[in-house]
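Q: Chains as they are written, first to last, in numbering that gives the first Met the number 0: chain A, 0 to 341; chain B, 0 to 436.
Wrong hints could be hidden among the right ones.
As the list claims (entries may be wrong) - Each computed DMTMM-like pair below joins lysine to aspartate or glutamate, with the alpha-carbon atoms no more than 20 angstroms apart:
hint, chain 1, residue 1, chain 2, residue 2
1, B, LYS117, A, GLU333
2, A, LYS302, B, ASP390
3, B, LYS428, A, ASP106
4, B, LYS427, A, ASP338
5, B, LYS122, A, ASP338
6, B, LYS121, A, ASP106
7, B, LYS121, A, GLU333
8, B, LYS51, A, ASP107
9, B, LYS428, A, GLU333
10, B, LYS428, A, ASP332
11, B, LYS427, A, ASP106
12, B, LYS427, A, ASP107
13, B, LYS45, A, ASP338
14, B, LYS341, A, ASP338
15, B, LYS117, A, ASP332
Since the hints were made in silico from the structure, they are not lab data.
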Amino acid sequence: MDLQVTWFFLWGLLWAVFFMTDGFDFGVGALYPFLAKSERDKRVMINSLGPMWDGNEVWLLTAGGVTFAAFPKVYAVMFSSLYSALMLLLFALIIRGVSFEFRGKIDDPRWTKLWDGCIFICSALPAILFGVAFANIFKGIPIDAQGIYHGNLLTLLNPYGLLGGVLFLMLFLVHGALWLANKTDGDLQKRAVAAAGKLWPVLLVVAVAFLAASKFATGLYDNYIAHPALFLVIAATVAALLATRLLMARGDYFKAFLASATTIGGATFYGVIGLFPNMLPSTIRPYFSLTAYNASSSPLTLKIMLTVVVLFIPLVIGYQLWAYRLFWGKVTDEDLSGDYAY
Amino acid sequence: MNTLMLSRLQFASTTMFHFLFVPLTLGLSIMVAYMETRYVQTGDEKYLRMTKFWGKLFLINFAVGVVTGITLEFQFGTNWSGYSAYVGDVFGSLLAIEAALAFFLESTMIGVWVFGWKRLSKKAHATVMWLVAGASNVSAIWILTANAWMQHPVGFTMRDGRAELVSFLQVITNKFALLTILHTIGAAVLLSAFFVMGISAYHLLKKQHREIFTTSFRIGLVFGLVASVFTVINGDWHAVHVTQVQPAKLAAMEAHWETTTRAPIHLFAIPDEAAEKNRVQIGSIPGVLSFLGHHNMDAEVIGLRDIPRDERPPVLPTFLSFRIMVALGTLFPLLMIIGWFKRNKLEESPTYLKIMMWSIPLPYLAIQMGWLLAEIGRQPWIVYGLMRTSDAVSPVSTLQVATTLGGFFVVYGLLGALGFYLIATNAKKGPALAPAA
Chain A
0 MDLQVTWFFL WGLLWAVFFM TDGFDFGVGA LYPFLAKSER DKRVMINSLG PMWDGNEVWL
60 LTAGGVTFAA FPKVYAVMFS SLYSALMLLL FALIIRGVSF EFRGKIDDPR WTKLWDGCIF
120 ICSALPAILF GVAFANIFKG IPIDAQGIYH GNLLTLLNPY GLLGGVLFLM LFLVHGALWL
180 ANKTDGDLQK RAVAAAGKLW PVLLVVAVAF LAASKFATGL YDNYIAHPAL FLVIAATVAA
240 LLATRLLMAR GDYFKAFLAS ATTIGGATFY GVIGLFPNML PSTIRPYFSL TAYNASSSPL
300 TLKIMLTVVV LFIPLVIGYQ LWAYRLFWGK VTDEDLSGDY AY
Chain B
0 MNTLMLSRLQ FASTTMFHFL FVPLTLGLSI MVAYMETRYV QTGDEKYLRM TKFWGKLFLI
60 NFAVGVVTGI TLEFQFGTNW SGYSAYVGDV FGSLLAIEAA LAFFLESTMI GVWVFGWKRL
120 SKKAHATVMW LVAGASNVSA IWILTANAWM QHPVGFTMRD GRAELVSFLQ VITNKFALLT
180 ILHTIGAAVL LSAFFVMGIS AYHLLKKQHR EIFTTSFRIG LVFGLVASVF TVINGDWHAV
240 HVTQVQPAKL AAMEAHWETT TRAPIHLFAI PDEAAEKNRV QIGSIPGVLS FLGHHNMDAE
300 VIGLRDIPRD ERPPVLPTFL SFRIMVALGT LFPLLMIIGW FKRNKLEESP TYLKIMMWSI
360 PLPYLAIQMG WLLAEIGRQP WIVYGLMRTS DAVSPVSTLQ VATTLGGFFV VYGLLGALGF
420 YLIATNAKKG PALAPAA
């Protein structure tokens, strides 16, 4: 199979896995002030993320790294064009990361409150920013023949971009709530389940709106119309979204969480398939767009990277799944009393 | 102030800040893994308490190290898009491999180590910390290989205005990479040794938790003794290689202007770049530079005057950073050797303990000087001999970079202060009194 096409879909896969994993971390953080009614609740929520969040975040670094390695021109143009949005995202990720570690280190309510605020803002903001960024990638941004961006941060905050932000936020909120439904018990779990139930219809509406808006704001559907079998991807994603609600109603929170993950993965691929072969469409002229064909590395680099990925990513998935299994189950008082617990 | 200068300042300061925390991660992870292994082998609770104490400090440091690393991966794209598009084939691959091989393992396993005490057997749990230590150091290997390619590009060809990979093997067997890796990891272990020894000294001076800190001090001492000597020796190999492949850097770091055989070394100098000579020159010893660089007093060493003006690095910062690093690098083995002779009578050596306590910042300074030398000495090139830093910058506005630079100063300033404050207070607190859970 064509190296560049293979890499295009691997690229999409890495982003999908990032959203499926760190997505619930962002969701839990964004639900933090709403679901936690006590210090114990707060600690349960962040300790549920404790073992996993750092490993989840590395999918972002790998997706970014792969963009750099396989499609250097896309990495260069995307990161410099989206400068302000990415820097904002970066600061949020930096502060989120230390919040978990620093929060419990000083026994002062003002200290704790500060980091609690940081956890909330620095989880909600990335969710929104990723949605804004990807919606704009689907839509295209004003880049010229030299790949220079003729816009700014406000350019990205167009209606479709903002809708993308809301969509990702909703996806991650439901995903986070379902993570908590699995990892918590008692009143906290009841609140998490209730939240998932209330958020899901909003997510449904936003998802439908996004699917419709994409017809007008983007060229995503061109590929689908040319190859109608691809509509199955959209159908499967919607099915997963519906299944999430059904499984929630049945009280099967584990399967509901998996359905939610599938929805997020499917949503990512909906966009990625629609984009193909574009990676960064230009709204100035279509032929200024960066594609998998005109922005890739040499065949040798792609081959070497493919070997690395084929050898190591299954290994990574293997030991990350092992870690999920090791820590599966509710967060208990014993967990909270560990020397290093958050 | 333009985008270029601001971007250079931003990259330099964010990288230096990241590297305040990385060396301790690289070295202390190995020491903590060793301590936990001793616990598994002996069942002695002392080692468990040590593991948990040093591990606590490790985790605070690790958190800041990780988050400040994300900045760097982003920054190649955000601020150096010219560079990224130019070298993605080679440099991008090395970064992606670093993430796939090392970051994943490090970040997944640290979560398991932190939270998995009760879910894994003692042996498995200790193994997990070895995985963290291994993965961190493997990560260093890949990023240093990437930096080495910038210093001495190999295994590529130019095509369509870009560097295209021709031989991956050449890239990963680049001699510059090997030498940088040995030197950096050696320095990281050395810093970690000073950290452990200095904090142990604090407690020994207060005559508290004596068993734990005597053992900790001695563990640090063994690592420190080996690392300090090793780093000096391979530092020399590295400088010899730099003499061959980066003559401009060598000339600048020695403030050497005139190409000559029996080239002299100057203990101290103040260069006058306009006049192409040294305004001040103290302690000049003929022939020593030729000997250091080529192991032959009659060898010719190229002077700055024979390097085109626009290919010379800034001389004073390169010269000074090298001198400071070497001065400290010479001091470190001496402190370790003294420690070796006093290792069985530490509590009777309060002066030495005080010196070691106050010496904790010194390896931090030495390492920062080393990186200033490496990176300033490579200027004006971002890829030596191939691409200029001034051609590599992103087309972003001065206002954007000024804003983010300001943002980094504020956020990193606060994080750094908090991080070191938390490390210091927890270090002073000492290990938990009750038997560890």
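Q: So if I understand the rule, the pair passes when the alpha-carbon distance is 20 angstroms or less; does LYS117 (chain B) with ASP332 (chain A) pass?
A: Given pair LYS117 (chain B), ASP332 (chain A) holds - Cα atoms ~13 angstroms apart, limit 20 angstroms.
Q: Take the C-alpha atoms of LYS341 (chain B) and ASP338 (chain A), compute the straight-line distance between them, and say whether it is at most 20 angstroms.
A: violated, 34 angstroms
Q: Taken at face value, is the distance from the CA of ASP338 (chain A) to the CA of LYS427 (chain B) at most 20 angstroms?
A: The given pair, whose Cα atoms are some 17 angstroms apart, holds under the 20 angstroms limit.
Q: Holds or violated: LYS428 (chain B) with ASP332 (chain A), Cα cutoff 20 angstroms?
A: violated, 25 angstroms
Q: Run the distance test for LYS122 (chain B) versus ASP338 (chain A): straight-line Cα separation, threshold 20 angstroms.
A: holds, 18 angstroms
Q: Starting from LYS302 (chain A), check that the Cα of ASP390 (chain B) is at most 20 angstroms away, please.
A: violated, 29 angstroms
Q: Need the status of pair LYS51 (chain B), ASP107 (chain A): alpha-carbon distance at most 20 angstroms?
A: Roughly 23 angstroms between the alpha carbons, so the hint for LYS51 (chain B) and ASP107 (chain A) is violated.
Q: Between LYS427 (chain B) and ASP107 (chain A), is the straight-line Cα distance small enough, at 20 angstroms or below?
A: holds, 19 angstroms
Q: Given the proposed pairing of LYS428 (chain B) with ASP106 (chain A), does the C-alpha separation stay at or below 20 angstroms?
A: Answer holds: LYS428 (chain B) to ASP106 (chain A) is near 14 angstroms, not above 20 angstroms.
Q: For a C-alpha distance cap of 20 angstroms, please report whether LYS121 (chain B) and GLU333 (chain A) respect it.
A: This hinted pair holds, its Cα atoms lying about 18 angstroms apart.
Q: Assess, step by step, whether the Cα of LYS427 (chain B) is no farther than 20 angstroms from the Cα of ASP106 (chain A), and give holds or violated.
A: Cα-Cα ~17 angstroms, so holds.
Q: Next pair to validate is LYS121 (chain B) with ASP106 (chain A); report whether the Cα-Cα distance is within 20 angstroms.
A: The hint is violated at about 31 angstroms.
Violated hints, in rising order: 2, 6, 8, 9, 10, 14; the structure is consistent with all others.
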